[in-house]
Amino acid sequence: MKRPVELTVNGVLYKLEIEPRRTLLEVIREIIGLTGTKRGCDRGNCGSCTVIMDQKPIASCLVLAVEAHGKNITTIEGVADHGHLHPLQEAFLEHGAIQCGFCTPGMVMSAKALIDNNQAPLESEIKEAISGNLCRCGGYARIVKAIASVKAKS
Amino acid sequence: MNKSDLKDYAVVGKPIRRVDGPAKVTGKATYAGDLLLPGTLHGKILRSPYAHARILNIDYSRAMKLHGVRAVVTGRDFPGVRYGFMPQTRDQLPMATDKVKHYGEAVAAVAAIDEDIAEEALDLIDVEYEELTPVLTIDDAMKEGAVIIHDHMDTNIAASSKMHFGDVEKGFKESDYIREEKFTTQRVSIGFIEPHAVIVNVDNSGNVLIQGSKQSPYITWRHFCRAMDLPLGKVRIINPYVGGGFSGKHEALDLDFAAAALSKKTGFPVKIVLSQDEVIAAFKQRHAKHVEIKIGMKKDGTLVACECKMIAEGGAYASVGPFNIVIFATSGLLLPYRMSHFKYEAHRVYTNKPWCGSVRGQSIPIARFAFESLFNMMIDDLGLDQLEVRKKNSILSGESTINKMTVGTAGMVEAIEKLGEMIGWDGRKKKKAPYRGIGIACSPQVSGARMGGHFGSSAVVKVDEDGGVCLIHGGTEIGQGCDTVLAQMAAEVIGVPVEEIRQMEEDSDVAVLEAGMFSSRCTFWAGHAVKRAAEDACQQLAEIAAPLLEASKDDIVFKNKTVFSRKNPGRAIAFIDLVRNAYYTKGQPIYGRGSYSASNIPMPDLKTGEGDVTNAWAFFAQAVEVEVDPETGRVKVLKSVCTRDVGRPINPMLLDAQLEGGTVFTSGQALYEECCFDEKGRPLQNSFLDYKMPTVMEAPENEHFDIITDDPNGPFGAKGAGEGSNGTTLAAIANAVEDAIGVRIKDLPITPEKILAILKQRR
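So the protein sequences, as listed, match chains A and B. Heads up: the first sequence at position 127 corresponds to 127 in the working numbering, and the numbers run straight through without jumps. Heads up: the second sequence at position 584 corresponds to 584 in the working numbering, and the numbers run straight through without jumps.
FYI, nobody ran anything at the bench for these hints, they're computed from the structure. From the three backbone atoms N, C-alpha and C, an ideal C-beta is built for every residue, glycine too. Some hints could be false.
Stated by the list, open to error - Selected chain B positions facing chain A (Cβ under 7 Å, derived; list incomplete):
no., residue
1, T26
2, G27
3, A29
4, Q276
5, A699
Unchecked claim - Pairs of lysine-lysine, DSSO-like flavour, derived with a Cα cap of 27 Å:
no., chain 1, residue 1, chain 2, residue 2
6, B, K639, A, K127
7, B, K636, A, K145
8, B, K692, A, K145
9, A, K145, B, K418
10, A, K71, B, K28
11, B, K639, B, K692
12, B, K429, B, K754
13, B, K28, A, K145
14, B, K636, B, K182
15, B, K392, B, K418
16, B, K559, B, K462
17, A, K145, B, K173
18, B, K760, B, K692
19, B, K418, B, K432
20, A, K56, B, K28
21, B, K607, B, K162
22, B, K392, B, K173
23, A, K145, B, K14
24, B, K636, A, K127
25, A, K145, A, K71
26, B, K65, A, K2
Said to hold, decoys possible - Which chain A residues stay away from chain B? Per the calculated CB distances, all over 10 Å, these:
no., residue
27, P4
28, V63
29, D116
Make a model of the complete structure from these sequences and hints.
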């Protein structure tokens with residue numbers, strides 16, 4: 001049986017009727033229609049579906065949409081400001097930290113949650129922040145450099 | 001790269017940002033799993049729980065009664081035409097008909113109004129199986145009286161290769177030192193994060209539209225049409241961005257066939273997105289290999305002879321296995337060192353496991369692992385220097401190999417020299433810390449092998465009447481950066497900024513033909529086609545510009561959006577004005593076309609292994625530093641230094657990224673990745689939780705250096721390069737571990753258990 005769920009996604013309030021077994025990932029992708037958040041493994045192993053919920057990075061495939069009721073959620077589509085890329089996004093471009101791009105949204109969200117809460121993270125903290133995000137292209141070193149460069153600027 | 005190597009290019013050779021970057025970093029890039037069409041139904045696939053079994057009966061009547069189910073298909077719904085990469089190894093059907101040959105093979109598929117109903121319907125399909133003895137190992141497959149997997153065959157050997165150049169017995173007689181070792185390598189999963197996904201629509205006239213996650217849509221297109229018994233013109237493939245391929249997304253797969261058959265039955269589009277569970281358990285993996293290798297050398301380290309016997313365990317279908325075993329020798333053993341005698345025998349065997357084919361680096365990483373490991377051991381045995389011996393044996397520009405492969409430019413020696421400088425090789429012994437080690441390895445990289453068929457690339461450059469440029473090429477953007485590199489080449493020729501070149505999704509109807517993304521071929525092959533198409537467009541424009549500039553058309557230069565004669569650069573016209581003149585005064589639209597076929601390469605003889613396969617070879621030297629934890633046995637890769645001759649990198653930043661990634665990818669196979677199966681052939685891993693791949697914690701620091709050789713056969717001097725570090729990393733890590741602990745581990749992966757056992761023995 002569907003239940004009412006209110007989600008604020010990228011500043012927009014969505015009033016939805018959702019079956020309790022639906023994950024936040026499914027709702028973001030299939031009902032709200034924001035497909036930037038990727039479904040890689042659907043088990044919380046790959047990090048592609050990372051979004052920020054109440055300042056924390058979460059694997060949206062492991063959260064039921066009903067659990068997110070009343071929460072503030074930022075997805076990759078909410079990171080750039082009216083077409084102006086976030087410094088993290090600029091840094092990913094500048095450092096060649098993108099390849100196939102499938103892990104990129106999750107990487108950016110994990111990184112954003114880090115630097116939103118910690119303006120001068122150590123390299124070890126950067127690595128820890130993205131240690132749950134798999135990149136099979138293998139572009140980790142550049143992703144770390146990109147995130148570190150944002151910290152260095154701010 | 002040295003400063004003196006800089007050339008006066010506007011954009012070629014520059015580390016510019018990737019053109020697909022903004023879409024990817026904002027979540028706007030579309031992948032197959034993001035697509036929906038009006039009325040889309042959702043498909044799910046029922047997979048075999050057995051590795052080897054006869055299908056006695058399939059009854060899906062209960063599934064059809066479930067509310068929301070629209071159609072069910074089985075193997076019987078297809079024409080029964082086998083497909084495969086080579087005529088003699090066409091062994092695959094869209095879905096199993098009478099027999100399943102590996103765990104997870106598709107036996108039926110359902111389309112329903114949503115994914116949940118489709119999933120539920122799978123439980124209502126009754127399949128009656130008769131279990132057969134599974135063939136799981138090389139020994140199972142090759143022993144006398146072995147169970148035969150393919151009913152149409154007499155053995156489980158899918159393909160064999162035998163080569164003999166020079167006289168290997170004589171070579172060993174002439175050698176001062178001979179050593180022989182056996183190496184084994186394991187199956188690994190490809191591990192792309194984007195699972196296979198497709199949406200297919202079959203219209204009322206039977207026209208099929210496939211939008212899927214396809215690395216080489218051309219290969220999918222051909223396989224699909226053959227197995228569905230359709231002319232190519234009935235099937236159109238449009239390809240969105242691909243979330244990693246690594247050679248796992250070339251072929252038409254069961255989901256493509258199932259979605260098409262379900263769409264045809266229902267009249268609606270059908271979308272199928274696999275779960276990672278399905279992909280890891282039942283889809284393409286890297287061959288497991290047994291390699292026996294014997295090398296003979298002079299006491300000064302000069303390589304004389306090499307003999308190798310290799311058996312590749314490849315699972316239920318041949319895929320590219322027949323090529324794989326040839327490439328193992330031609331691209332993996334016969335370069336980068338000179339040798340006078342070479343003998344090779346290889347077999348690719350079927351087993352009841354998921355099928356294997358090429359994976360990032362093809363078979364070169366395994367061949368180099370075996371060769372460079374043994375070579376390293378022998379150099380140490382003789383008390384010689386690892387770098388000096390490698391340099392001494394490296395092939396030089398203009399030489400040919402014993403099997404008559406021509407090497408144009410070769411910067412192998414220079415790459416090794418530079419590597420030594422960068423890692424401080426000469427002073428390293430003094431500084432050596434306990435449990436730390438440095439390993440060296442070298443590898444060639446083919447610039448797109450021509451192994452058969454046409455293997456062609458083509459491109460079209462359209463210049464709009466307002467000066468805009470549309471580049472249509474067949475490269476698939478799988479992350480390697482082809483859209484950026486090809487735009488850089490077109491921009492260089494036409495003299496416009498990269499940002500002003502627009503590109504489109506690949507489309508088998510309205511775009512152009514490209515054999516596919518494999519064998520590190522795109523920059524070289526598609527690059528040539530793009531360069532030629534751009535030059536053709538410029539040629540058309542130059543003919544119009546010549547009289548306007550009172551110059552010869554051969555002197556016309558396109559630069560910075562202006563056009564002028566090289567003899568009188570002061571007198572220029574704007575590019576846009578020239579284009580307007582072409583369209584409005586001459587009434588001439590500007591369409592440039594180009595193609596590249598490497599038809600100068602005679603088809604290599606797959607039986608003997610003789611002859612050229614490519615027009616250029618790239619060369620890689622790599623050093624990795626590792627640290628072994630004596631308490632846990634864990635190996636950490638600290639640093640990777642890669643020096644390379646790729647002719648001229650078109651975009652060094654993208655190349656660095658790809659090669660660093662190759663090292664990370666391959667380090668997983670070196671140290672811990674392994675696909676495991678139980679005694680019935682059922683996979684023991686079906687998630688990234690069980691199947692561990694490198695994370696950021698395992699990624700080393702990186703340094704690079706380019707030896708510029710400007711290969712005359714390459715577009716702007718470039719050679720194929722993307723898989724180069726895959727060729728070196730396995731061997732370099734194995735050599736580094738030996739340097740660290742003093743013992744050689746010859747069976748991959750080099751796990752903590754193996755290391756601890758060795759360290760314990762020694763204590």
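Quick check on B:A699 please, does its C-beta sit within 7 Å of some C-beta on chain A? Given a least distance of 4 Å, the restraint on B:A699 holds.
When you check the alpha-carbon spacing of A:K56 and B:K28, does it fall within 27 Å? With Cα atoms ~23 Å apart, A:K56 and B:K28 stay inside 27 Å; holds.
Given B:G27 as an interface hint, is its Cβ closer than 7 Å to any Cβ of chain A? holds (2 Å)
Do the alpha carbons of A:K145 and A:K71 lie within 27 Å of each other, as the hint requires? violated (31 Å)
Could you grab the alpha-carbon distance between B:K692 and A:K145 and see if it respects the 27 Å cut-off? holds (24 Å)
Tell me if the straight-line CA distance from B:K636 to A:K145 falls inside 27 Å. holds (20 Å)
Mind checking the alpha carbons of B:K559 and B:K462 for me, to see if they're no more than 27 Å apart? The given pair, whose Cα atoms are some 18 Å apart, holds under the 27 Å limit.
Quick one, are B:K607 and B:K162 close enough, alpha carbons at most 27 Å? holds (7 Å)
Against the 27 Å threshold, does the CA-CA distance of B:K636 and A:K127 hold or violate the hint? holds (15 Å)
Can the restraint linking B:K418 and B:K432 be considered satisfied, given a maximum Cα separation of 27 Å? Holds - the C-alpha atoms of B:K432 and B:K418 are around 20 Å apart, at most 27 Å.
Given the hinted pair B:K639 and A:K127, is their Cα-Cα distance within 27 Å? With a Cα-Cα distance of about 16 Å, the restraint between B:K639 and A:K127 holds, given a limit of 27 Å.
10 Å Cβ clearance of A:D116 from chain B: holds (17 Å)
Hint check: violations occur at hints 17 and 25; the rest are consistent with the structure.
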